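Participant: Chain order of the listed sequences is A and B.
Numbering follows my numbering, in which position 492 of the first sequence is assigned residue number 539; successive positions increment by one, without gaps.
Numbering follows my numbering, in which position 214 of the second sequence is assigned residue number 228; successive positions increment by one, without gaps.
Think of the hints as simulated: they come from the structure by calculation, not from any bench.
Values in this document were obtained by computation on a predicted structure and should not be read as measured data.
For glycine and all other residues, C-beta sits at the position ideal for the given N, C-alpha and C.
Fair warning: there could be bad hints in the mix.
[To be verified] Straight line, CA to CA, 27 Å or less: simulated DSSO-like cross-link-like pairs of lysine-lysine:
1. A/K391 with A/K478
2. B/K169 with A/K74
3. A/K74 with B/K74
4. A/K210 with A/K94
5. B/K22 with A/K280
6. B/K168 with A/K133
7. B/K22 with A/K391
8. A/K365 with A/K100
9. A/K398 with A/K100
10. A/K456 with A/K210
[Claimed, not checked] Among chain A residues calculated to face chain B with C-beta under 10 Å, some are:
11. G72
12. V73
13. G139
14. G390
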Amino acid sequence: MANKKTPILEPEFDRKDPRNRCYVGVKETAAYVVYDMSQSFNINKYKEDFIKKVLQVDMKLQGYGKIVIGIWDIINDLFTGAIVDKARSRYGKFRPFLLALAVPGTLLSAFYWLMPLFFNGVSEKSLSKFFTFLVMEVILEGVGTFQDIARGGLLATITPYPKDRTRLITLANFASGFLGEKLPQQIFSLLQDAFHHELIGRVTMIPKLYMSMGVISVVIAGVGAFWFFCVSKERISQSEVKPTLRQSFRTVIHNRPMLMLALSDVLGSFSLGGSQHDYITDVLDFGALGLITGIPGAIVHPVSYALVPWFRRHFSDKTLFIMGKYSMDVFAVPVFIFGSIGGKKHGIYKKVIPMGIALTIYETCYMFFYGVRNVIPSELYNESMDYCEWKNGYRGEAMISVVKGVVGKVPKYVGEIANKFVLERAGYDIKAYVEKRAQSSETQYTIFALWTIVAFIVKLPGIIPALFYNLDEKTKERMYAELHARRAAMGQTAEADE
Amino acid sequence: MKRSSCPKCGYALRLRDWREECPQCGVNMTYYNKEELLLQDAERAEIEFAIFQPHIDRAKAAFIGSPFTIARLVCSLLPAAALALPMARLHYTALLDNHSVTFTVVQLLGTVQYRQWDRVFDALPGILSIALPLFGALLCWILHLAGIIGGCTKKGKIFLFAADAAMLVLTGCSVWMLYGFVGTMRDALPQYIDSFTVGIGAFVFPGLLVLCLLADVIVAVRGIPVQYTQRYIADVPSEEYFAAHPERIA
């Protein structure tokens, strides 16, 4: 009956041990969940479509733009990381940047989605349109870099011990789905299809859909994230001695766990930019198919988080990292084989119903690894930060994340640039979608192959460095015991000095 | 808003005092008394969770606390399936050609496109009289889904039953208006309309809402067993802690 008190008792452990305590309260945890939701509360998945089909920037110009943005991305990462790593204030190391950039970042992002208003009817080869687009991308890239580095650092320092951190990461990943983190994408894909097939409205309303959904989602996400930045605290003190740029670079090279994760990211990031979304809109012409095929996966999604403890009991963190990272690409291979039956012109890959079934099975299978995919990499990244503090006496979240980001971005940009030229070579027609024409068979098969078999082959080498990750349970036990003692000593030294 | 102060000398810090060192005594505020402040944070966080945990346990029980609550959850989600079913089917002849239209809930709610139908049938007021109550019913259904969270409490149950009642009344109005509209159109334009019939969705959608109500009644009668998680503040069970420190609950 209701209200019967049958308490659930947790397994016995030392609750007074600081490592087993909870530091992040209810309000801050709720804000963290809202923040996690806000990171996916957008339609950035459709950004490439927006540039191709709504803003209509020529594919070659996009390719050249990607080169400029890629170089700028790498340059600004370096000085941003140095600036952030040297920052110290009573508000924390990372929070000042997040608070200062929250409002400008949101306004600039909103303006980005409104660009088609200013270039309505302008040719895709127009240089004024291209340069405006490029300038916006460069500014947003700069602001985004500060925000990304500061965010990563804040999440690494929000609580001093891994048990509390795992609780936060797992809860945030689990609960943010129920808050509707994917709602803008889901609503957008439904409406896009409805407009495209003129079930509701007309196909000419699609640009307005992009603009309105883009702006609304950016503003809501911005408000949610700003709340989190206001209520959160950094609970790990930074060293008084600020690391030099050279020291920061060395920490990555000599920080073996971080080095292996970075190398795995680099080698696993090579792709030619193919995506499932491109396939279902440009080949199957059914943008909402992703919603339908994702229904069984949505049921498995919460179960996947409940499976994380089971996975951790039976597999090492290293194995789980590999399983989570590559499950999507491995399961895409049978999808490619099945879709290729019948060849390029008459293959099954062009048919909605059989491919819908294949995609449903594919998404359901990889959803079982979704919890592991989201929780384990964050855990390993944060542990490698603690490893850096243990080995070097200082934390270098910003520069470590910069160096890791820089080396990971090179293959990512190479892939995205190559994608533009590959699609152009395959005869991609940027006006086909809004004019309701199908792409050629050659283009369609290229799009299909890019997100399935090509993605699997080019990303496979990323498994090798992950096999050399060396933080096992014994080392972690020793590391956290020594860190706890050292952090306590830092506080006592500050009191004694006075 | 309470201003921050230096943990050593108590100096009231201003917003522009951004440095780590206190402007008055010079102590590094991020290190001073760090361990003590962390322990205070831990105690505060554990108190907050000890107070909040029963709400989480009740919400969890309301969703998956027993086979009946799980069945109720499934029944509550089923009306979504009816959104794609046809509410009405129309076959008409216009401009020397035969046309057929199937009205689903989604299309009825998207009546904005029917401005083009006005030219032929002047049907928009009639369609709106069906769509608006239906929109209200869908809102109530969403409120019902959200209301399940409070299903273990008395107020939560009242809210749930109120949402169920509103859903059924509004859906009933919508279906009634649909019947009336279909009959009116058939009588008004016999020369154009070949057939205009009420579809299966007009029966299935209200039927599934009735199922939601029945599920709520069964769960209310059987009750929901709630398993409360024991929380601790440091090593002390929360009940003992609050008995010893009643001021901390505030």
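Participant: Can you verify the interface hint for A/G139: is its Cβ closer than 10 Å to any Cβ in chain B?
Facilitator: holds (8 Å)
Participant: Hey, B/K22 versus A/K280, does the alpha-carbon distance stay inside 27 Å?
Facilitator: It holds: about 19 Å lies between the C-alpha atoms, which stays within 27 Å.
Participant: Under the criterion that the straight-line Cα-Cα distance not exceed 27 Å, is the pair A/K365, A/K100 satisfied?
Facilitator: violated (41 Å)
Participant: Assess, step by step, whether the Cα of A/K391 is no farther than 27 Å from the Cα of A/K478, and give holds or violated.
Facilitator: Holds. A/K391 to A/K478 sits at ~22 Å (cutoff 27 Å).
Participant: Hint A/G72 vs chain B: min CB-CB distance below 10 Å?
Facilitator: holds (4 Å)
Participant: Please check whether A/V73 passes as an interface residue: C-beta within 10 Å of a C-beta belonging to chain B.
Facilitator: With a closest approach of 4 Å, the A/V73 hint holds.
Participant: Double-check A/G390 for me: the hint is only fine if its C-beta lies closer than 10 Å to a C-beta in chain B.
Facilitator: violated (34 Å)
Participant: Are the Cα positions of B/K22 and A/K391 separated by 27 Å at most?
Facilitator: violated (74 Å)
Participant: Under the criterion that the straight-line Cα-Cα distance not exceed 27 Å, is the pair A/K74, B/K74 satisfied?
Facilitator: holds (19 Å)
Participant: Taken at face value, is the distance from the CA of A/K133 to the CA of B/K168 at most 27 Å?
Facilitator: Violated. B/K168 to A/K133 sits at ~55 Å, over the 27 Å cutoff.
Participant: Next pair to validate is A/K210 with A/K94; report whether the Cα-Cα distance is within 27 Å.
Facilitator: This hinted pair is violated, its Cα atoms lying about 37 Å apart.
Participant: For A/K398 and A/K100, compute the direct alpha-carbon distance and say whether it is at most 27 Å.
Facilitator: holds (23 Å)
Violated hints, in rising order: 4, 6, 7, 8, 10 and 14; the structure is consistent with all others.
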